[in-house]
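Number of protein chains: 2
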Amino acid sequence: MSSINEIIPINLPSVHDSRGILTSIESQIDLPFKIQRIFYMHHISLDRGGHAHIDTDQVVIPISGNFMIELYDGKNKAAFKMEDATKGLYIPRMIFIRLYSFSEGAVCLVLANTHYDITRSIRTIEEYNEAIKKQL
Amino acid sequence: MSSINEIIPINLPSVHDSRGILTSIESQIDLPFKIQRIFYMHHISLDRGGHAHIDTDQVVIPISGNFMIELYDGKNKAAFKMEDATKGLYIPRMIFIRLYSFSEGAVCLVLANTHYDITRSIRTIEEYNEAIKKQL
Numbered sequence: 001m002s003s004i005n006e007i008i009p010i011n012l013p014s015v016h017d018s019r020g021i022l023t024s025i026e027s028q029i030d031l032p033f034k035i036q037r038i039f040y041m042h043h044i045s046l047d048r049g050g051h052a053h054i055d056t057d058q059v060v061i062p063i064s065g066n067f068m069i070e071l072y073d074g075k076n077k078a079a080f081k082m083e084d085a086t087k088g089l090y091i092p093r094m095i096f097i098r099l100y101s102f103s104e105g106a107v108c109l110v111l112a113n114t115h116y117d118i119t120r121s122i123r124t125i126e127e128y129n130e131a132i133k134k135q136l
Numbered sequence: 001m002s003s004i005n006e007i008i009p010i011n012l013p014s015v016h017d018s019r020g021i022l023t024s025i026e027s028q029i030d031l032p033f034k035i036q037r038i039f040y041m042h043h044i045s046l047d048r049g050g051h052a053h054i055d056t057d058q059v060v061i062p063i064s065g066n067f068m069i070e071l072y073d074g075k076n077k078a079a080f081k082m083e084d085a086t087k088g089l090y091i092p093r094m095i096f097i098r099l100y101s102f103s104e105g106a107v108c109l110v111l112a113n114t115h116y117d118i119t120r121s122i123r124t125i126e127e128y129n130e131a132i133k134k135q136l
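Top line first, the protein sequences correspond to chains A and B.
Numbered as in this note's numbering, the first sequence ends at 136 without a single skipped number.
Numbered as in this note's numbering, the second sequence ends at 136 without a single skipped number.
These aren't lab readings, by the way, just hints derived from the structure by calculation.
As the structure is a computational prediction, the values presented were derived from the model and not from experiment.
Honestly, I wouldn't trust all of these hints.
To be verified - Lysine to aspartate or glutamate pairs mimicking EDC-like chemistry, simulated, CA-CA at most 16 angstroms apart: (1) B:LYS75 <-> B:GLU126; (2) A:LYS34 <-> A:ASP57; (3) A:LYS34 <-> B:GLU126; (4) B:LYS34 <-> A:GLU26; (5) A:LYS87 <-> A:ASP47; (6) A:LYS81 <-> A:ASP47.
Unchecked claim - Counterexamples of contact, computed for chain A against chain B with all Cβ distances above 10 angstroms: (7) ASN5; (8) LEU22; (9) GLU26; (10) ILE29; (11) PHE39; (12) MET41; (13) HIS43; (14) ASP47; (15) ARG48; (16) ILE63; (17) SER64; (18) TYR72; (19) TYR90; (20) SER101; (21) THR119; (22) TYR128.
C-beta: ideal position from N, C-alpha, C; glycine also.
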């Protein structure tokens with residue numbers, strides 16, 4: 001089981017100069033895992049997320065614009081405003097994630113420690129609550 | 001030596017639905033290398049790039065907005081307009097790269113096959129031309 005207490009804001013190494021900002025993330029050095037997959041949501045028109053991953057740890061980054069993220073561990077909820085492309089949020093596996101209130105043109109980048117396998121994701125809150133109960 | 005003929009546009013696996021677009025990239029599966037580092041340029045106010053990498057292969061993605069990329073292999077030049085977040089550009093090592101004409105709010109994401117080492121980069125066109133001559 002994971003707890004929302006294990007969610008960690010991460011300051012991503014960034015260099016600001018007259019050309020703008022360069023943010024650089026080394027796999028396994030600046031993150032607690034090897035990057036096996038990256039994905040990003042763009043041209044967003046509706047809420048995203050609404051699932052949990054059985055073995056996937058993630059770092060979520062508001063690479064453009066801003067949005068809200070709500071996290072639930074089966075007991076407690078936490079919400080974060082994601083609005084700074086130099087700050088990511090580490091979210092361990094088995095946290096139920098919902099993304100909403102995207103600003104116009106927002107892009108959400110996610111770095112993940114696993115390749116994609118839909119059979120290792122939980123797609124509804126009911127199924128999530130069942131899975132949590134079994135683990136208790 | 002690398003040639004601009006080795007530069008390859010890549011269609012990044014993307015799912016379009018009513019919520020928007022999800023683009024997902026598996027390390028070593030959708031790219032010809034393991035992702036060791038990602039970096040992104042944002043809040044851009046001036047041209048970027050103006051260097052080559054001795055051992056770094058990259059995939060450049062216009063994750064938000066658009067920009068131009070100019071590539072030079074010591075003999076030939078090519079320019080691409082980067083404007084679709086579902087299309088990346090694979091650029092092998094030892095190509096001199098210049099990024100310019102960024103749209104307002106553009107973000108350029110780069111996936112790289114190496115950790116960062118400034119001693120393995122060539123920072124001026126003069127130094128690049130010298131390095132190319134030595135390799136011929």
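Structure-based check of each hint:
no.	hint	result
1	B:LYS75 <-> B:GLU126	holds, 14 angstroms
2	A:LYS34 <-> A:ASP57	holds, 10 angstroms
3	A:LYS34 <-> B:GLU126	violated, 36 angstroms
4	B:LYS34 <-> A:GLU26	holds, 12 angstroms
5	A:LYS87 <-> A:ASP47	violated, 21 angstroms
6	A:LYS81 <-> A:ASP47	holds, 14 angstroms
7	ASN5	holds, 27 angstroms
8	LEU22	violated, 5 angstroms
9	GLU26	violated, 5 angstroms
10	ILE29	violated, 7 angstroms
11	PHE39	violated, 4 angstroms
12	MET41	violated, 5 angstroms
13	HIS43	violated, 5 angstroms
14	ASP47	violated, 7 angstroms
15	ARG48	violated, 6 angstroms
16	ILE63	violated, 6 angstroms
17	SER64	violated, 4 angstroms
18	TYR72	holds, 20 angstroms
19	TYR90	holds, 15 angstroms
20	SER101	holds, 14 angstroms
21	THR119	holds, 16 angstroms
22	TYR128	holds, 19 angstroms
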